[in-house]
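Top line first, the protein sequences correspond to chains L, U, W and Y.
Quick note on the working numbering: the first sequence kicks off at 10 and runs consecutively.
Quick note on the working numbering: the second sequence kicks off at 2 and runs consecutively.
Quick note on the working numbering: the third sequence kicks off at 102 and runs consecutively.
Quick note on the working numbering: the fourth sequence kicks off at 19 and runs consecutively.
Honestly, the hints are just simulated from the structure, not real lab data.
Glycine included, C-beta positions come from ideal geometry on N, C-alpha and C.
Please note: incorrect hints may appear among the correct ones.
Unchecked claim - So the derived label-pair ranges between C-beta atoms look like this:
#1 L63(L) to G87(U): 26 to 32 Å
#2 R68(L) to G113(Y): 26 to 32 Å
#3 H192(W) to L63(L): 27 to 33 Å
#4 M188(W) to V77(L): 54 to 60 Å
#5 E32(L) to I67(U): 54 to 60 Å
#6 N52(U) to G113(Y): 43 to 49 Å
#7 H206(W) to A8(U): 43 to 49 Å
#8 D155(L) to E208(W): 57 to 63 Å
#9 F168(W) to A8(U): 44 to 50 Å
#10 H206(W) to G69(L): 46 to 52 Å
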Amino acid sequence: MNRILWLWGILFGLWLLLSYHFEWLFLVFGTATCTVAVLVAARMGIVDRESVPLHLVRRGALYVPWLVWEILKSNVRVAGIILSPRLRVDPSIVHFRASQRTDLGRFIYANSITLTPGTVTTGIVADDLEVHAIVREEVDGSEENDMNRRVAALEGEGA
Amino acid sequence: MFAVTAAALLVAMCLAMCRALLGPTAYDRVLALNNIGTKTVVLIAVLGFLNGRPDFLDLALAYALINFIGTIAVLKYIEYGDLGAGGGTSRDRAGG
Amino acid sequence: MREEVVVRVGAKILVPFIIMFALYVHFHGDYSPGGGFQAGVILAAAFVLLALVYGLEAVQRVLPPWFTRMCAALGVLIFAGVGVVTMLLGHNYLGYNALAPDPTHPEHGQHYGILLVELGVLVTVFGVMVTVFYLFAGRGRENS
Amino acid sequence: MMEQVLPVLTWVLLLSGAFFLVTGALGMVRLPDVFTRMHAAGMTDTMGAGLILVGLCLHSGVNLVTMRLLLVLAFLWFTAPIATHAVAKAALAAGTEPYTLGAGEGGADGGEGEGGGAP
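Work the whole structure out from these sequences, hints included.
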């Protein structure tokens, strides 16, 4: 129930930012809109810890800048590979063990891996992540371990 | 400078279109199409600034949405041969 | 695709926002590009995404096919009904000025009238889109 | 001070975004198979789109347009990895052999066999 109210609040806040009309008519429309959206989500049974991850917000604010910096670094690296005259690719599939406890944690870890070019998550079975890497040597596991540790820390103790 | 960016976007879209036309497997084509969709979203945003009327951004958002759902739908159709299949990867594969 | 962790969690997070965005596009049709048609398509897309991830049966439990067919007809009824109401109030068919509560500001009537007519378009487009998707996705299901 | 720096910064962001876009698209054409091309596609999705949208944000200043641009960016960065992952997973599930060094012909064979058998 608490999560449903939070979801409603988040949606209404986004509505106000998008709309930026504060006449009563639009406030009524916004209220109705967010109520419909939350009702449909609640009837589908998709409002839970996974879809409204309130417990991640504070630690997530520290994780995102780090992720952006990683994305920047790996982008430069992959651009170097593509632009070099003879393509120095040595693709291979490697496996990582994800130490997150919930599906949401694995979702964040898998998407972080995919977002950094040079590595793409190709499959998740329980806590085993299958990752396709464009250059085998560069995925020695150190950076992925770092990311794994950070996402597990992001997930926190409560999970 | 917006014109330069828009030109770069168009060049990149042409290259991706080559891949969509050549692509040996269906997945190459889906990947290229998804990529062209992303570039179209950015192009809509840039064109709004180029015209001095940046109120197309709702359209960019809607396009990004349709692009994402379209990609997922095409992949599901290729993989399962059935858009409405429920859970059960292996069971559905065995049935189809 | 329910077992696929990434797609399932992503869809769960996105769907409420898509529905909110669809109705936002509808209600701000006169301030930014958009309106009933686009809103109907985006709203239908939310349910298509749910059906792709959770399967047709799960979505049809929430949004049964008879309801989407009813929506398709109801939208036309709303559209035509607005026109008939304005005629009953002594104006032309779809003469929106009749809807203004305050006769000194006829533009309010325009606003309300267009919103109501667009609501009809939204409901019809939503109903037809979801019905078409149900028919396509369920094709071959009955035979097997 | 800010008035001089901001246009230059916008230029830099837009041009580097355009650079990543074109490089990524070039990679789409040059790289040998669908899995390696995903990395190139990821480049356009992340840095190409990201730098250009942030550049547009700087140009427009702080207003509703900026908010919408950031929303588009957040949406792209949220959905792009999901779509890429879905493509990769579907391609692997259908039996596409990833290209590897030294087994280039085997990889190409697997790719073509897949193209015929996918539907």
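Honestly, which of those hints from before does the structure not fit?
-> Going through the list in order, the structure violates hints 2, 3, 5 and respects the others.
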